[in-house]
Amino acid sequence: MKHRFVTAAGATLLGISGLLVAGPPADAAASAPRSLSVYEHDDFKGRSAYLTGNDANFINNYWSGTGASINDNISSFRNQGDQRAVMYSDANYSGAAYSALAHSEDSDLTHNSHNPSNFDNVASSVRFVI
Amino acid sequence: MPNLFPPAARRRPAWPPRAGRLAAAAGLVLLTGCARPPKAPVPEPPPVSAEARSLTVPFDAFTLSRLDIQTIEYAEDLLTRACMRAAGFDWEMLPPPASTDSDPMHRRRYGVIEPEVAERYGYHLPPLAPDQRAREQVWRRREALPLARRRTAYGPDGQGGCRRTARLRVAEGVPALDQQQLNSYIGSTFTASQRMPAVMAAFEAWSRCMSGKGFTYDTPLAAAGDPAWMKSDLTSPREIAVAVADVECKQTTGLVAVWSAADKAVQLDAIAAHRGDFDRFRDARDAELRAARRIIGNG
Chain W
0 MKHRFVTAAG ATLLGISGLL VAGPPADAAA SAPRSLSVYE HDDFKGRSAY LTGNDANFIN
60 NYWSGTGASI NDNISSFRNQ GDQRAVMYSD ANYSGAAYSA LAHSEDSDLT HNSHNPSNFD
120 NVASSVRFVI
Chain H
0 MPNLFPPAAR RRPAWPPRAG RLAAAAGLVL LTGCARPPKA PVPEPPPVSA EARSLTVPFD
60 AFTLSRLDIQ TIEYAEDLLT RACMRAAGFD WEMLPPPAST DSDPMHRRRY GVIEPEVAER
120 YGYHLPPLAP DQRAREQVWR RREALPLARR RTAYGPDGQG GCRRTARLRV AEGVPALDQQ
180 QLNSYIGSTF TASQRMPAVM AAFEAWSRCM SGKGFTYDTP LAAAGDPAWM KSDLTSPREI
240 AVAVADVECK QTTGLVAVWS AADKAVQLDA IAAHRGDFDR FRDARDAELR AARRIIGNG
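These protein sequence lines map, in sequence, to chains W and H. Residues 0 to 129, numbered by numbering that gives the first Met the number 0, are exactly what the first sequence covers, in order. Residues 0 to 298, numbered by numbering that gives the first Met the number 0, are exactly what the second sequence covers, in order.
Rather than coming from a laboratory, the hints here were simulated on the basis of the structure. Where hints are given, some of them may not hold.
For the chain H half of the interface with chain W, some residues (derived, Cβ under 8 Å), not all of them [as the list claims (entries may be wrong)]:
hint : residue
1    : I68
2    : M104
3    : G224
4    : P226
Simulated DEER-style distance windows between Cβ atoms [unchecked claim]:
hint : chain 1 : residue 1 : chain 2 : residue 2 : range
5    : W       : T65       : H       : A271      : 25 to 31 Å
6    : W       : S68       : H       : D89       : 42 to 48 Å
7    : H       : P46       : W       : K44       : 23 to 29 Å
8    : H       : A260      : W       : G64       : 43 to 49 Å
9    : W       : G64       : H       : R52       : 41 to 47 Å
10   : W       : N120      : H       : D177      : 16 to 22 Å
11   : W       : A67       : H       : A147      : 37 to 43 Å
12   : W       : K44       : H       : D156      : 17 to 23 Å
13   : H       : P236      : W       : D41       : 41 to 47 Å
14   : H       : K263      : W       : R46       : 24 to 30 Å
15   : W       : K44       : H       : P155      : 22 to 28 Å
16   : H       : S64       : W       : G64       : 34 to 40 Å
17   : W       : S68       : H       : A200      : 28 to 34 Å
18   : W       : G45       : H       : L124      : 28 to 34 Å
Model, not experiment: these values are computed from the prediction. Ideal Cβ placement from N, Cα and C applies to all residues, glycine included.
Make a model of the complete structure from these sequences and hints.
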């Protein structure tokens, strides 16, 4: 266990903490503080991607098993982690900040008919709140 | 590999030969198997500039600041710790809420605006502030909890356990917050702010300024999002040059003041047009904070 901690700390310094929860047992992944699933369509449908760390620019982040970027293409999400995430409308944590509460989901980022332009297909970066 | 022994010690061993061999072997183990490599000192991030700290938007009255979030998380931690102790385990607390936000939420709302950040890190994030590092280390250690403690804390599926009990306790009596709706207002007003004539004119002036410095971008957010910056975790000289020019052009064109004013105006219009929605957002936020503070007060 100590070795895992040292590894995690080192990886965090390198900015690759997101890679660490790929391998542990299923229940460990489920209890990871950072566990954000994003989906291409409303209601958690379409292609998906799993985010476990900060990502400054979604342009290089792809729907699982594809070469298609998730940038400006997310329509719903599930945050199953213990940490709040903030998705930003623009890369490098710039622009409007969209909160994804811990253990929450948003099935439809086009929600709210008063506002035709909102966060649907907008998110370009994510940072977990510490 | 650094030399750990002073010259005198190397010339004339102070220990008997056998003890010396043992010590040498122990040293070798330390240097190879068990020892951590010497840590480079973590650089301190630039202090938050006065301009970045002054950035506010009307929606702040309805949303949680980073310090508010820390308050809620601290209350959840107190309840989690009590629950864990009842089950025979300890629980490492996050540090208490800070008194000053070391990394305000709106710091990068209009892209990088701080000269020192641009000069040292370009568009990359500065290192974490000390209080953020302390919190980050606790979060990371929670990823490595032994199985029994992890299951008690998070439940077998990661969604339950003492953490869920704590969240539900903090949420008791708190009106439901329609975060989706609130987020939608946040997104739509920010988009609308960029379409205000004064902001579009400021973008054009900023773009001309950038052209004069040899860089071609239509908006500051396009500069911040240049995919070239993603090629490495290290900041390139060109990234620094663009970021510095970006900040300088923001200053010479007054872009942040213009955009911030438009941003505020659009948000105030939205609040006025949807008073009932925003009253509910504020009620939910205030009730959650009151609950958290009450729990902390009861310690």
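Against the structure, the hints:
no. : hint                         : in the structure
1   : I68                          : 6 Å, holds
2   : M104                         : 6 Å, holds
3   : G224                         : 3 Å, holds
4   : P226                         : 5 Å, holds
5   : W:T65 to H:A271: 25 to 31 Å  : 44 Å, violated
6   : W:S68 to H:D89: 42 to 48 Å   : 43 Å, holds
7   : H:P46 to W:K44: 23 to 29 Å   : 45 Å, violated
8   : H:A260 to W:G64: 43 to 49 Å  : 46 Å, holds
9   : W:G64 to H:R52: 41 to 47 Å   : 43 Å, holds
10  : W:N120 to H:D177: 16 to 22 Å : 21 Å, holds
11  : W:A67 to H:A147: 37 to 43 Å  : 41 Å, holds
12  : W:K44 to H:D156: 17 to 23 Å  : 22 Å, holds
13  : H:P236 to W:D41: 41 to 47 Å  : 43 Å, holds
14  : H:K263 to W:R46: 24 to 30 Å  : 37 Å, violated
15  : W:K44 to H:P155: 22 to 28 Å  : 27 Å, holds
16  : H:S64 to W:G64: 34 to 40 Å   : 39 Å, holds
17  : W:S68 to H:A200: 28 to 34 Å  : 32 Å, holds
18  : W:G45 to H:L124: 28 to 34 Å  : 30 Å, holds
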